[in-house]
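Q: One letter stands for each residue in the lines below.
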Amino acid sequence: DAGVIQSPRHEVTEMGQEVTLRCKLISGHNSLFWYRQTMMRGLELLIYFNNNVPIDDSGMPEDRFSAKMPNASFSTLKIQPSEPRDSAVYFCASSFSFPYIQYFGAGTRLSVL
Amino acid sequence: TQLLKQSPQFLSIQEGENLTVYCNSSSVFSSLQWYRQEPGEGPVLLVTVVTGGEVKKLKRLTFQFGDARKDSSLHITAAQPGDTGLYLCAGEKSSGDKLTFGTGTRLAVRP
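Protein chains in written order, with my numbering: chain A, 1 to 113; chain B, 114 to 224.
The reader is advised that the hints may include incorrect statements.
From the derived model, a few chain B residues whose C-beta atoms are all more than 12 Å from chain A [stated by the list, open to error]: (1) L117; (2) P121; (3) S125; (4) N131; (5) Q146; (6) T161; (7) V168; (8) K172; (9) D180; (10) A181; (11) A191; (12) Q193; (13) L199; (14) K211; (15) R219; (16) V222.
Derived DSSO-like pairs: lysine-lysine, alpha-carbon spacing no greater than 30 Å straight-line [unchecked claim]: (17) A:K24 to A:K68; (18) B:K183 to B:K170; (19) B:K172 to B:K183; (20) B:K172 to B:K118; (21) A:K24 to B:K206; (22) B:K211 to A:K24; (23) B:K172 to B:K206; (24) A:K78 to B:K211; (25) B:K206 to B:K170; (26) B:K169 to B:K118; (27) B:K169 to B:K206; (28) B:K118 to B:K211; (29) B:K183 to B:K206; (30) B:K172 to B:K211; (31) B:K169 to B:K183; (32) A:K78 to B:K206; (33) B:K206 to A:K68; (34) A:K68 to B:K183.
Restraint ranges, calculated between C-beta atoms of paired labels, are given here [stated by the list, open to error]: (35) A:H10 to B:Q127: 32 to 38 Å; (36) B:G195 to A:V12: 29 to 35 Å; (37) A:P61 to B:N131: 37 to 43 Å; (38) A:G28 to B:L132: 35 to 41 Å; (39) B:K206 to A:R85: 25 to 31 Å.
No wet-lab data here; the hints were simulated from the structure.
Virtual Cβ for every residue (Gly too), placed ideally from N, Cα, C.
Starting from the given sequences, assemble the full structure and let the hints guide the process.
A: Here it is as structure tokens:
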């Protein structure tokens, strides 16, 4: 299995631009988690889905952030408009039989200038 | 508010030394996990502990869950450069709940 696949690995954009991060789950997994990691705040859960349904989005910073699961194997995290304080590494993770043994992708390093 | 506080925050040691990393909380967790994250990669699960007082060994790594299930420790014997990375504890407050990650301990083992 290829594991959790995130794209792009690196994204550099200008303030105000829309950013879309993508995540492909491990086949057969039914839970999907989006995290943000910074030096100041560590690893923070933004939102998680179970069987394609958003369960808890209380970690989403504000309305500029949105996440979707159009199907059971794929998710997107969108930031619109982006701001410099959104600069961080964004991880997605998937698991089977929520939330045990989360498998993380390699992350997307986002820089908003 | 960080529910899980790890100490120390940074640790730089010589190859061959022993070390202990602590993960503390005022809350009770039904289970606790330890992850290691290497530069440019996502965290990778090392172990899950579920019973108060439980001790698990993974080669040179020993993990313990506190009797009251509020804290945990990770002890590494004879550290090697390959142990270098960010160590994260993560707790589940009740079965089926989301994970809360700790503040992290960044370990550097010098050859």
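Q: Of the numbered hints stated earlier in the document, which are not met by this structure?
A: Numbers 1, 5, 6, 13, 14, 15, 34, in rising order.
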